[in-house]
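A.B. asks: Whenever a hint applies, use it, and build me the whole structure from the sequences.
Protein chains: 6
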Amino acid sequence: MTHVRTDGTAHMVDISAKTVTDRTARAQAILQTTEQVTALLAEGGLPKGDALAVARVAGIMATKKTSELIPLCHPLPVTKVSVDFELETGEPGQVRILVEVKTSGKTGVEMEALTGAAGAGLTLYDMIKAVDKHAVLTDIKVLAKSGGKSGDWEV
Amino acid sequence: MTHVRTDGTAHMVDISAKTVTDRTARAQAILQTTEQVTALLAEGGLPKGDALAVARVAGIMATKKTSELIPLCHPLPVTKVSVDFELETGEPGQVRILVEVKTSGKTGVEMEALTGAAGAGLTLYDMIKAVDKHAVLTDIKVLAKSGGKSGDWEV
Amino acid sequence: MTHVRTDGTAHMVDISAKTVTDRTARAQAILQTTEQVTALLAEGGLPKGDALAVARVAGIMATKKTSELIPLCHPLPVTKVSVDFELETGEPGQVRILVEVKTSGKTGVEMEALTGAAGAGLTLYDMIKAVDKHAVLTDIKVLAKSGGKSGDWEV
Amino acid sequence: MTHVRTDGTAHMVDISAKTVTDRTARAQAILQTTEQVTALLAEGGLPKGDALAVARVAGIMATKKTSELIPLCHPLPVTKVSVDFELETGEPGQVRILVEVKTSGKTGVEMEALTGAAGAGLTLYDMIKAVDKHAVLTDIKVLAKSGGKSGDWEV
Amino acid sequence: MTHVRTDGTAHMVDISAKTVTDRTARAQAILQTTEQVTALLAEGGLPKGDALAVARVAGIMATKKTSELIPLCHPLPVTKVSVDFELETGEPGQVRILVEVKTSGKTGVEMEALTGAAGAGLTLYDMIKAVDKHAVLTDIKVLAKSGGKSGDWEV
Amino acid sequence: MTHVRTDGTAHMVDISAKTVTDRTARAQAILQTTEQVTALLAEGGLPKGDALAVARVAGIMATKKTSELIPLCHPLPVTKVSVDFELETGEPGQVRILVEVKTSGKTGVEMEALTGAAGAGLTLYDMIKAVDKHAVLTDIKVLAKSGGKSGDWEV
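Protein chains in written order, with this note's numbering: chain L, 1 to 155; chain U, 1 to 155; chain W, 1 to 155; chain B, 1 to 155; chain F, 1 to 155; chain H, 1 to 155.
Please keep in mind that the hints were generated in silico from the structure rather than gathered at the bench.
Computed from a predicted structure; not experimentally measured.
Treat the hints loosely; a few may be bogus.
Copies of the same chain are indistinguishable here, so a pair counts whether it falls within one copy or spans any two.
Computed list of lysine-lysine pairs in DSS-like fashion (alpha-carbon distance at most 25 angstroms, straight line) [as the list claims (entries may be wrong)]:
1. K18 to K149
2. K106 to K18
3. K133 to K149
4. K129 to K18
5. K80 to K149
6. K133 to K18
7. K129 to K106
8. K106 to K133
C.D. replies: Written out as structure tokens, the structure reads:
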């Protein structure tokens, strides 16, 4: 690993010599709430309003804030973002959030996809907390990555 | 619930008439990685540098960005933030992130504590992803809340 | 006007001695497009997706960015924001955007309401520009103001 | 229109496959105030200070915030921005704001030019509101566009 | 010093129990350039345009970004900001930047005043660097502070 | 100098026609405090916690905010940032901050390096101000620059 500093201090890794290529990442987050709440989400019946539409916008905007939130992330111009929701496809009371991000850049967009998923998930949390104080945002992870030298993969 | 709009559209709930009181929230996130990685974290041996120190700063700064990330959150001036890490106190390969936030305000700081925990967790993810592509950020939830009319609670 | 500087240079006016009171402002913006487009807006049929929901979120978030955009604005913690749309209530092809903002602060929230209306309007512009290159965002103004020493008014 | 999603939800359109070209956009906004106020603007005599210089800076900075304000806008690195003012060249009491923006990117800068015009206009509104409570920010529109596949145009 | 943590890790100090009082801070920065450049500054003759007006706006806006830039700073609502320049009152080729900031808050605004001075100074640096590559921004310090329990002082 | 406007007003200079090349800049800042404080810095003994780690992160993040702080700066995607500290290598009680920034872009990163140095320095100031009210942040300047048409140089 050539980018370790001898004194172990934090730094933004040098990517100057890397090639600009098209890169994609997909990530997910899961909000574990109750079936009563997923029903309210499906019908847009929550007190703060249409939660899925708000969380979708929040997730998209969060991907654009990634390098402001993650100190050592390189700023990257995202060229595509989508945020989708699946209700009640897993355990009862679950919302699955799926985010896909693309860029043309010198490094990958995994952190952008994860930040979008977390941002959408936190927003759902905020939208439902008047009716469920004990939701859990969980299983945030990268699902697939393509582009760049390290090779494509998918879980 | 008086703050439901008849057309179900999203809005920032009116808290003008609420009282300014001292409010505290505690939240957690868990990063599930490997024991090899938690050992590197403990000794500051990761390629991007001292991950815990960077994630602590990122978590604190993320709490201050809460109302920028969560569309319907009211801006609140945080008066105290701490971010702590526990390594290998749960399942093997786990890092537990604990965030405590205080404010004097008209509404609670649960979202600030959650956003701080997510921000610190995403930053750890970024710091370790060169050595663990398959970490999972999980179990993000509120642990305790005090202040405000709805009463104190703790899980 | 005591807050004029003798050399005419710009400064953020001193409001330290003013009283914290509840303050409200309402503002509007009008997007002039075509009847074909307002029909697409009403049915959510635009290429980039559900434009009204996105513009509502954008308008709410823009009010929270007011003091970042307007150099001499004092930062104010908004305590309520709503953004509403009226389609085809004025000239053919018009969308009227109505924003209401409240705070408890030392100065008024007219600029927050105007910034929210402009932010929602610009977002609608972006959502429809693939189908109407020649929309006009117009008639952005304050409709009503209450709270503070200068007295309440409404147009 | 290939970028419509079947469920009509909002998303940031995929521009990965588009070509990087030089792109320019010009936009305007008009502030309708009174002749007394445009005289004060011309001589720098407003209570908050030199309004045109402040609004020029605000307009330039607003173009750089476009993708933070407009949820589905792609981040673009602007390579040139100018903001100009014309006083009393239209109806009595009018200030015309003209913004020109350039980039080398995969999509156009119309939204950047419009956001710059709106940002400069809102700032003028703020600078004059102590002397004119009833100004109107109006006629915000794109004047010309060049670069990109859809062809150049000018109104 | 009660706010030291036993493990020495960074945290945002708890100010919840402190009293809201009026607080003021004054800070300075000095830009050391050449007499040729201060002459250009005085007459507004620099290639990027009227440098003092731009730097004044930048300084005011920087004070509002203090808690975003300084990780452990508490967010504070500034209630007054002024930025002034003195040309050639010290060593030849010097510009002195003076910033005054007020708030009503639980902690002082020294960091806001310093950040404003640095922001204005960096902006001047940017405005003149085409004509002076070797300017130095120097002597950034707090000049006076009032309000709060620790007492007033002035250098 | 072709980028002077005839009316002397501020504008963001047109760099559209410039070539994308690798560019590097190094800058410094010096914090003048006391030997007692540099000893506390070296051992991580300051009341707010480990100051050097926090200031390093703040400096890196500040470079990414350069175009938000400096009105006429072009946004540039940094590809490498490092922030280093030297204690007691100059006058007694001095901390020297060294920042290196790289980009692939159409203009240089001197302002990014300077902003990183100032951001790290202001953060150190904040971390030590409980034990030294009279620190001075000084000697902020560019040390070296490479890439671009104007040629490489080093002081």
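A.B. asks: Please go over all the hints and tell whether each is borne out by the structure.
C.D. replies: Hints versus structure:
In this assembly of identical chains, the alpha carbons of K18 and K149 lie at most 25 angstroms apart whether taken from the same copy (9 angstroms) or from different copies (22 angstroms). When the C-alpha separation of K106 and K18 is checked against a cutoff of 25 angstroms, the pair qualifies both within a copy, at 5 angstroms, and between copies, at 17 angstroms. In this assembly of identical chains, the alpha carbons of K133 and K149 lie at most 25 angstroms apart only when taken from different copies (15 angstroms versus 44 angstroms within one copy). Within a single copy, K129 and K18 get their C-alpha atoms only as close as 44 angstroms, which misses the 25 angstroms cut-off; across copies the closest is 18 angstroms, which meets it.
Taking the shortest alpha-carbon separations for K80 and K149, both the intra-copy value of 21 angstroms and the inter-copy value of 18 angstroms come in at or below 25 angstroms. Only between protomers do K133 and K18 lie at most 25 angstroms apart by alpha-carbon distance; the minimum there is 20 angstroms, versus 46 angstroms within a single protomer. Taking identical chains as interchangeable, the C-alpha atoms of K129 and K106 lie at most 25 angstroms apart only when they sit on different chains, with a minimum of 16 angstroms there against 39 angstroms within one chain. For the identical chains of this complex, K106 and K133 are inter-copy neighbours only, at 18 angstroms across copies versus 41 angstroms inside a copy, given an alpha-carbon limit of 25 angstroms.
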